[in-house]
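Engineer: Below, each chain spelled out in residue letters.
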Amino acid sequence: MSFAARNPSVLIFLSVLALFTLLVTVMSEAIGTGLVSTSFVKILGKTLCLALVAVAMDLVWGYTGILSLGHFAFFGLGGYMIGMWLMYERTHEIAAAALAEGPIPPTEAEITAAIGNQIFGVVGSSDFPPVWAFADSLTLQLALVVMAPGLLALIFGWLAFRSRVTGVYLSILTQAMTLALALYLFQNDSGLRGNNGLSGLQNLPGVDAPQSHVSLWFFWASALALGVGYVFAAWLVGGKFGSVMRGIRDNEARVRFLGYSVESYKLVVFTLTAMIAGIAGALYYPQAGIINPAEIAPIASIYLAVWVAIGGRGRLYGAVIGAVFVSLVSSWFTGGQAPDVPLGFYTVKWVDWWLVVLGLSFVLVTLFAPRGIGGLFDLVTERQPPERHGANLGPDAGSLREKEASQ
Amino acid sequence: MSTLLEVSGVSVTFDGFKAINNLSFSIGHAELRAIIGPNGAGKTTFMDIVTGKTRPDEGRIVWGGKSRSLLNMSEARIACEGIGRKFQKPTVFEDQSVQENLLMALKKDRGPLAVLFYRPQAADLERVRALAEEIGLADQLYRKSGELSHGEKQWLEIGMLLAQEPRLLLVDEPAAGMTSSEREHTTALLIEAAKTRAVVVVEHDMEFIRRLNCRVTVLHEGAVLAEGSLDHVTRNQDVIDVYLGR
Numbered sequence: 304m305s306f307a308a309r310n311p312s313v314l315i316f317l318s319v320l321a322l323f324t325l326l327v328t329v330m331s332e333a334i335g336t337g338l339v340s341t342s343f344v345k346i347l348g349k350t351l352c353l354a355l356v357a358v359a360m361d362l363v364w365g366y367t368g369i370l371s372l373g374h375f376a377f378f379g380l381g382g383y384m385i386g387m388w389l390m391y392e393r394t395h396e397i398a399a400a401a402l403a404e405g406p407i408p409p410t411e412a413e414i415t416a417a418i419g420n421q422i423f424g425v426v427g428s429s430d431f432p433p434v435w436a437f438a439d440s441l442t443l444q445l446a447l448v449v450m451a452p453g454l455l456a457l458i459f460g461w462l463a464f465r466s467r468v469t470g471v472y473l474s475i476l477t478q479a480m481t482l483a484l485a486l487y488l489f490q491n492d493s494g495l496r497g498n499n500g501l502s503g504l505q506n507l508p509g510v511d512a513p514q515s516h517v518s519l520w521f522f523w524a525s526a527l528a529l530g531v532g533y534v535f536a537a538w539l540v541g542g543k544f545g546s547v548m549r550g551i552r553d554n555e556a557r558v559r560f561l562g563y564s565v566e567s568y569k570l571v572v573f574t575l576t577a578m579i580a581g582i583a584g585a586l587y588y589p590q591a592g593i594i595n596p597a598e599i600a601p602i603a604s605i606y607l608a609v610w611v612a613i614g615g616r617g618r619l620y621g622a623v624i625g626a627v628f629v630s631l632v633s634s635w636f637t638g639g640q641a642p643d644v645p646l647g648f649y650t651v652k653w654v655d656w657w658l659v660v661l662g663l664s665f666v667l668v669t670l671f672a673p674r675g676i677g678g679l680f681d682l683v684t685e686r687q688p689p690e691r692h693g694a695n696l697g698p699d700a701g702s703l704r705e706k707e708a709s710q
Numbered sequence: 004m005s006t007l008l009e010v011s012g013v014s015v016t017f018d019g020f021k022a023i024n025n026l027s028f029s030i031g032h033a034e035l036r037a038i039i040g041p042n043g044a045g046k047t048t049f050m051d052i053v054t055g056k057t058r059p060d061e062g063r064i065v066w067g068g069k070s071r072s073l074l075n076m077s078e079a080r081i082a083c084e085g086i087g088r089k090f091q092k093p094t095v096f097e098d099q100s101v102q103e104n105l106l107m108a109l110k111k112d113r114g115p116l117a118v119l120f121y122r123p124q125a126a127d128l129e130r131v132r133a134l135a136e137e138i139g140l141a142d143q144l145y146r147k148s149g150e151l152s153h154g155e156k157q158w159l160e161i162g163m164l165l166a167q168e169p170r171l172l173l174v175d176e177p178a179a180g181m182t183s184s185e186r187e188h189t190t191a192l193l194i195e196a197a198k199t200r201a202v203v204v205v206e207h208d209m210e211f212i213r214r215l216n217c218r219v220t221v222l223h224e225g226a227v228l229a230e231g232s233l234d235h236v237t238r239n240q241d242v243i244d245v246y247l248g249r
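Protein chains in written order, with our numbering: chain A, 304 to 710; chain B, 4 to 249.
Everything hinted at is true.
Subject to a maximum C-alpha distance of 20 Å in a straight line, what follows is the list of computed EDC-like cross-link-like pairs (lysine to aspartate or glutamate):
1. B/Lys92 with A/Asp553
2. B/Lys198 with B/Glu187
3. A/Lys543 with B/Glu168
4. B/Lys92 with A/Glu555
5. B/Lys147 with A/Asp681
6. A/Lys543 with B/Asp98
7. B/Lys110 with A/Glu555
8. B/Lys111 with A/Glu566
9. B/Lys56 with B/Glu84
10. B/Lys56 with A/Asp553
11. B/Lys147 with B/Asp98
12. B/Lys111 with A/Glu555
13. A/Lys543 with B/Asp112
14. A/Lys543 with B/Asp127
15. A/Lys543 with B/Glu97
16. B/Lys147 with A/Asp553
17. B/Lys56 with A/Glu555
18. B/Lys92 with B/Glu176
19. B/Lys147 with A/Glu555
20. B/Lys92 with B/Asp51
21. B/Lys56 with A/Glu566
22. B/Lys110 with B/Glu136
23. B/Lys92 with B/Glu187
24. A/Lys543 with B/Glu129
Everything labelled a hint here was simulated from the structure, so no lab data went into it.
For reference, chain B alone in the conformation it holds in the complex:
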């Protein structure tokens, strides 16, 4: 399988603390991957590095078929290159309707001038409606997203990510605070999304990861501890020691 994103030998230090230590990671074009690890293992920092929020001290990040480096791109540029990110807390624009949120995320020219004169076409509205259908918010299009429940906000955010049509999705704890039926819906969304693109899920909940049924990368102290199927890594003695055995 060809590689979409390859992170090699990346290190980051915050005030003397090595948050990421010589980390290497790669993912293919249509792959679902879960990342687990104890608190402080560097999961969120890893996402910050890939999305350009944090600049690594050393290492390489190579992206896409043309093997371009992400290191000198701004966050906005990286997002336009096709890396979408979902935060731990649902961050939708609460003051705006579901439709406005999705329209903003829709893959279009992001330049100020193009946006200034943009008026939604019938095709765009249709696409938004289809997305809302997919995330189960079709009858809530005109509601302010601040009025949605926690789970609905999570889906809306996933919907916004899908609207961006990214080639790589980074999802931080999507199941946090969800009811069990909401979790099932989220699982289905992620598995469906991973058929056409790469999806990286950071999650604490083992049951949720089991349902995703994918390769798992275990992070510990900023480096990869183990990688393989869930059963494989849960049998790994190191993993048991630092994470599962606690």
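So that you can see chain A by itself, here it is in the shape it has in the complex:
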């Protein structure tokens, strides 16, 4: 059977994604009717990036059973890596233009000093920290988008999985990791502008096109990344590797006794998904325009888990639906667009109450609909769990049941 035939949901997903991209394009301000504002195109593009990191989260949690509460650290790291290049090049342009006004043409050292002053002035410095060594090379920074999160995940995962840390303890460790990274980046001398973060990322160096066009390009790139990421994830879980992943989730010890090195597999999945998260972050933050350490606070990674849980873990489209649905609804409620509900004695302001609603729905979904929104599709495709009603016929648990005996 061909790949598409084995995974009908992939074809459906790609068609929906393509249709959605086309629809937004023809309604965009840049080349369409202008029905969809540029800022909304940015929101949609960012949402697609969140869907991609949710797919990564689904691979690591829904399929492999590792509840990582630190994948937003990788997402943010990817954003920082591309942000460094964007900020450097952009400042380079401005600095070079400003110095060119002077009577003597500036030397390369003068330009570099001006850039350093411009970028690091806010943290009281003007020297380039070592982490900016490759900031002038797009190729190297693009490589770092996957390498930096990948390396962090590799080291962290190697230490954690080798010691057989699992379950809740691993989740806590991942939270500690993302918190530690956020706290480190908050420091002014971390070299990444402390709590100011990197800004002005929406401006592409060397490009004169208006934001309406740039936003659309990023929207397309995000859609493409999500499409490719989705197909890759489907390919990954569709084969024997996916069998092993699900085996690890359901019974780690059994997989080990089959001769598979569970630790290596976990490490591969953890690192791979960290890289995907890095790519998603690198597409997200140029659309957001700014990245600062608050983005990788522990709560962000918990949101990620909530999206996947509400969407339905263990199925890729569930993760996408969860991320898109919850983040869009979330921005509607917290954006002040949702009307307040006056109760006479108290007025429900959604900006304050949205988190309560989200938390409550997370608990309710986990308790009563563990398959999430994606589970609704089962009603259509009748992917029902086996019906094994009827009393046990034998004395032992699990012996023949009524229905089987009558067959």
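With the hints as your guide, set chain B onto chain A.
Structural biologist: Below, chain B without anything else, positioned relative to chain A:
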């Protein structure tokens, strides 16, 4: 007969409790062996030690013709060396089809990269089909194994073990919860398997062991109490005292 596995002078202590006490055991290349003993005699701990799940405090475990020690190998490595284990409760991957379960167990390169690019060849699928035939699940290949009955799950697990092509099979209470016809099928499977490899069966059910018709090792308080044919050990006064006479 040459020895496949030799365990000598092994002891394990859990929080001061000696689960295995100076245990010695050996088995040949193609031999069927039953291990019996009361609860807490150390049967499962013995299997844990051989498969690498539990590290012994002292003693030696020597494996195969090259006489290599198993003590420093990981569980996965030991499994790849050719020791397969069946657990007391049937542990198949319920979310996956019978075919997927068997394909995962099939003796192939276990490295992540090799597995990532692995696509089942016609020969592999044929082998899976033959195995399913042997365990009586040929017409259930595409069913989710969670839908199988208890006995079928036990067979599937035995089938997965056979797919691993191990040189030593450790089987923990294979007949538990089976109907009498299912037991007969299981007996036949084990006897057949023992023609080409070593099989160790841990079992409580005397009737089942009688049908296996093999050497029996009686464990008690972490050490070997008696060894020999079933009739021989059931006549042994110590065995009667601690186990059969209860």
